[in-house]
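Protein sequence lines, in the order shown, are assigned to chains E and V. Using this note's numbering, you'd call the opening residue of the first sequence number 1 and step up by one each time. Using this note's numbering, you'd call the opening residue of the second sequence number 289 and step up by one each time.
Worth flagging that the hints you see were computed from the coordinates, not collected in a lab. Hints should not be assumed to be uniformly reliable.
[What the hints assert, rightly or not] When the alpha-carbon atoms are kept at most 30 Å apart in a straight line, the in silico BS3-like pairs for lysine-lysine are as follows:
| no. | chain 1 | residue 1 | chain 2 | residue 2 |
| --- | --- | --- | --- | --- |
| 1 | V | Lys506 | E | Lys63 |
| 2 | E | Lys163 | E | Lys174 |
| 3 | V | Lys506 | V | Lys373 |
| 4 | E | Lys63 | V | Lys411 |
| 5 | E | Lys136 | V | Lys411 |
| 6 | E | Lys163 | E | Lys102 |
| 7 | E | Lys63 | V | Lys491 |
| 8 | V | Lys491 | E | Lys136 |
| 9 | V | Lys473 | E | Lys136 |
[What the hints assert, rightly or not] Covered by chain E, according to a simulated footprint, are these stretches of chain V (three or more residues, beta-carbon under 8 Å):
| no. | segment |
| --- | --- |
| 10 | 333–343 |
| 11 | 468–477 |
Nothing here was measured: the structure is a model prediction, and the numbers come from that model. C-beta atoms are modelled at their ideal positions from N, C-alpha and C, and glycine is treated no differently.
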Amino acid sequence: MKRNQALEKVIHGVFLLLGLIAVGCVLLITVYLVISGIPAIREIGIIDFLFGREWASTAAEPKYGILPFILTSVYGTAGAIVIGVPVGFMTAVYISKLASFKVRAVMQSAVSLLAGIPSVVYGLVGMLVLVPGIRKIFDVPDGASLLAAIIVLAIMILPSIIKMSITALDAVPKEYEDASLALGATPIETYFKVSVPAAKSGIAAAVVLGVGRAIGEAMAVMMVAGNVPNMPTSLFQSVRFLTTAVSSEMAYSSGLQRQALFSIALVLFLFIMLINAALNFFLKREKE
Amino acid sequence: MKKKITIMMAAILALSTFAGCRGTDESSVTTDGSTSMEKVIGALGEAFQNDTGISFTYNPTGSGSGIKAVQEGRCDIGLSSRELKEEERESGLSGTVLAYDGIAIIVNPENPVADLSLEEIAKIYTGEITNWDDVGGSDAEIVLIGREAGSGTRDGFESITSTEDMCRYRQELTSTGDVITTVSKNPNAIGYASVASVKDAVKAVTVDGVAPTEANIKDGSYVVQRPFVLVTKNNTPLGDAAFKFFTYVTSAEANEIISAAGVVPAN
Numbered sequence: 001m002k003r004n005q006a007l008e009k010v011i012h013g014v015f016l017l018l019g020l021i022a023v024g025c026v027l028l029i030t031v032y033l034v035i036s037g038i039p040a041i042r043e044i045g046i047i048d049f050l051f052g053r054e055w056a057s058t059a060a061e062p063k064y065g066i067l068p069f070i071l072t073s074v075y076g077t078a079g080a081i082v083i084g085v086p087v088g089f090m091t092a093v094y095i096s097k098l099a100s101f102k103v104r105a106v107m108q109s110a111v112s113l114l115a116g117i118p119s120v121v122y123g124l125v126g127m128l129v130l131v132p133g134i135r136k137i138f139d140v141p142d143g144a145s146l147l148a149a150i151i152v153l154a155i156m157i158l159p160s161i162i163k164m165s166i167t168a169l170d171a172v173p174k175e176y177e178d179a180s181l182a183l184g185a186t187p188i189e190t191y192f193k194v195s196v197p198a199a200k201s202g203i204a205a206a207v208v209l210g211v212g213r214a215i216g217e218a219m220a221v222m223m224v225a226g227n228v229p230n231m232p233t234s235l236f237q238s239v240r241f242l243t244t245a246v247s248s249e250m251a252y253s254s255g256l257q258r259q260a261l262f263s264i265a266l267v268l269f270l271f272i273m274l275i276n277a278a279l280n281f282f283l284k285r286e287k288e
Numbered sequence: 289m290k291k292k293i294t295i296m297m298a299a300i301l302a303l304s305t306f307a308g309c310r311g312t313d314e315s316s317v318t319t320d321g322s323t324s325m326e327k328v329i330g331a332l333g334e335a336f337q338n339d340t341g342i343s344f345t346y347n348p349t350g351s352g353s354g355i356k357a358v359q360e361g362r363c364d365i366g367l368s369s370r371e372l373k374e375e376e377r378e379s380g381l382s383g384t385v386l387a388y389d390g391i392a393i394i395v396n397p398e399n400p401v402a403d404l405s406l407e408e409i410a411k412i413y414t415g416e417i418t419n420w421d422d423v424g425g426s427d428a429e430i431v432l433i434g435r436e437a438g439s440g441t442r443d444g445f446e447s448i449t450s451t452e453d454m455c456r457y458r459q460e461l462t463s464t465g466d467v468i469t470t471v472s473k474n475p476n477a478i479g480y481a482s483v484a485s486v487k488d489a490v491k492a493v494t495v496d497g498v499a500p501t502e503a504n505i506k507d508g509s510y511v512v513q514r515p516f517v518l519v520t521k522n523n524t525p526l527g528d529a530a531f532k533f534f535t536y537v538t539s540a541e542a543n544e545i546i547s548a549a550g551v552v553p554a555n
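Chain V with its partners taken away, still in its complex shape:
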């Protein structure tokens, strides 16, 4: 009896290792890449799975490894939260923008500062500018509010302002809501949050004179933003299931789900 169980377990284990390799199966869609896209791609995948019954998997590994994975054929669609580089395009990959992730820079409504340049924002977060006086505000120390390590918003903000690992946060909070509440309670605080979740309790400053509206994010004039890109191979056509998924997420009917995930749909 015991022997039988052992053999069965071994068989199941052996099978499950095979299951891991079925990258480009017809009846499933595999995606791999950006951890920042987890929320939006997760919501889309779930809706797609419910509608069509085709199984969907997402492997959060980071933009770089997602692009590599699609190049090597280990997944159907790669996910990247930055534009493809020139050499990546030349190697036979193409990117389709799924959505734009706009990040609003928020301050307390009492704060007189209404506009900051991207450079000023970077200097504030790296501790070069520490007083609101230096950017046209009142004489008070700037309190930097940010997100926890690993958060997609933090990753996005730091990569756009090129302040990776250099931010001198006063508080690292674990949700957008906490950031907004904290900024709304401290007149000297500055924080960042995805544009969709900004409420009246805080003021979103204009960056280089451009307000973080959906239109400005879409046409690229608001700079604190990054694209969420679906990466595919030029010369190999997508499998049936993957093609269905691709058309589904880039169609207008997916826009509602994309907006609900807090980003601006591109199509």
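So here's chain E without its partners, still in its complex pose:
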């Protein structure tokens, strides 16, 4: 008996240690980002940094304004949500409520597969198919643009939105739907007026998850957005996101430029923290 208890304690300790690794990593990254992100913001000045409209980090007189990156990330994510959410949401309603068992199985595994495709593959397909396609369809000189990034992001966030929405819709008690059907509502009326409202906080969480995925994506976006630090004034403009601003220059950067890249990462981190807080809020509400 005593031996069992000792073993229990040891195993408890091992699990605690493993759990602490994850927590430790988060803490370490947070502290590191804050420490390495603050100096450049101080030197540049927070107003000039956040609201400066020009980024020229290697020029003779360097300028470190990240407003173009912030706006691009916000617009790009918003665009991806505008396209991705209706498609993802409808797909989820179809899979959860309307599809036959066989169709449901096939579609669900297709969605899982979509989630498993590495982002560099999305980027490559975007670069080889989407970018030349946009150039031809819209008759613009070059297809690498905010629009291309939005489309790629919209497709990339589909799996998270679909899966999370399905979980929320599946969790709606069958009695609600039966009651609605018994009162004479058609199935479609029932799904949209009973099931969806009942699952709304889960669906909202799915949207927030999609936002998080879109704002944090770097690789695929870097390959299709053109990466020139322009203010995003048109859908067909070459733009740079917060993520790509960090990753495209990090390799060769030095001095204040490198510090400024860490500051951009800090800004991105704050965005993602906000999104996570929103996600927690929705998930908690769903539980209640």
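Please arrange chain V on chain E, whose structure you already have, making use of the hints.
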């Protein structure tokens, strides 16, 4: 116990600051300078370290500070991605060309333009010429493809064409491969890439009538190129290790490594 650890840490820290100062030690080679030479000097340093066991360090600071560092004796060999200026030579420095970095100007194979002058290239990249029509091509807007800030190829291209900070890129990509792919997919695109990596998917234009071949780069007739120079002091002989390194990289056996790094060996 804690005290002991603190003392030990302090000792280690103190030692490590000393280690930073050992510039011209006999058992190591220190180099300092051009960030563009990172790839080639890194490959050479690694091979040298593996062959001889002599440790090798490279400090990417830029050509100007590399030259200054060798002048002040802070490193064994300075690295410069431009020829030494007259006053630098007079101050007792000499340069040995290690390799030539040729940059090809690439267009889509469908593009009828086959030759551009250096001036035209500069005008295209600064936005003075925006249509292929003006340089003998079809009537279409020129799409400028370049590299990200800090890239050695971009730095080389812009310094040779004197377009620093003036290029109006449509796309800034982070690798040579991406530039080539993008140019191969857009009939109106123009880009630049190091000569060694140019493939059939794109067409390298001749500059002032000269094709970017290895021979033309070496004899200097192809102008979109710059030398990678090893800078040493005339009056102070190199240390044993540094001398070994110098002979190694300028010998024929290093040529393969230099070519693999995408530049044309000079020796």
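Now the hints, each set against the structure:
1. Between lysine 506(V) and lysine 63(E) the CA atoms are separated by roughly 38 Å; this puts the pair beyond 30 Å, and the hint is violated.
2. Using a Cα cut-off of 30 Å, the hinted pair lysine 163(E) and lysine 174(E) holds, with the two alpha carbons roughly 19 Å apart.
3. Our distance criterion of 30 Å between C-alpha atoms is met by lysine 506(V) and lysine 373(V), whose separation comes to about 20 Å.
4. For the given pair, lysine 63(E) sits about 24 Å from lysine 411(V) by alpha-carbon distance, which is consistent with the 30 Å threshold.
5. Taken as a hint, the lysine 136(E) and lysine 411(V) pair is honoured in the structure, with Cα atoms around 27 Å apart against an allowance of 30 Å.
6. Simply put, lysine 163(E) and lysine 102(E) have alpha-carbon atoms about 17 Å apart, close enough for the 30 Å limit, and the pair holds.
7. As the CA atoms of lysine 63(E) and lysine 491(V) are separated by approximately 35 Å, the hinted pair breaks the 30 Å bound.
8. Annotation: proposed proximity of lysine 491(V) to lysine 136(E) holds, straight-line Cα distance about 22 Å (limit 30 Å).
9. A hinted pair counts as satisfied when its Cα atoms are at most 30 Å apart, and lysine 473(V) with lysine 136(E) qualifies at roughly 11 Å.
10. Against chain E, the segment 333–343 of chain V contributes 0 residues with a C-beta closer than 8 Å to a partner C-beta. That does not satisfy the three-residue criterion, and the hint is violated.
11. With a threshold of 8 Å between beta carbons, the proposed coverage of the segment 468–477 of chain V by chain E holds, since 6 of its residues qualify and at least three are required.
Checked against the numbered hints above, the structure breaks hints 1, 7 and 10 and satisfies the rest.
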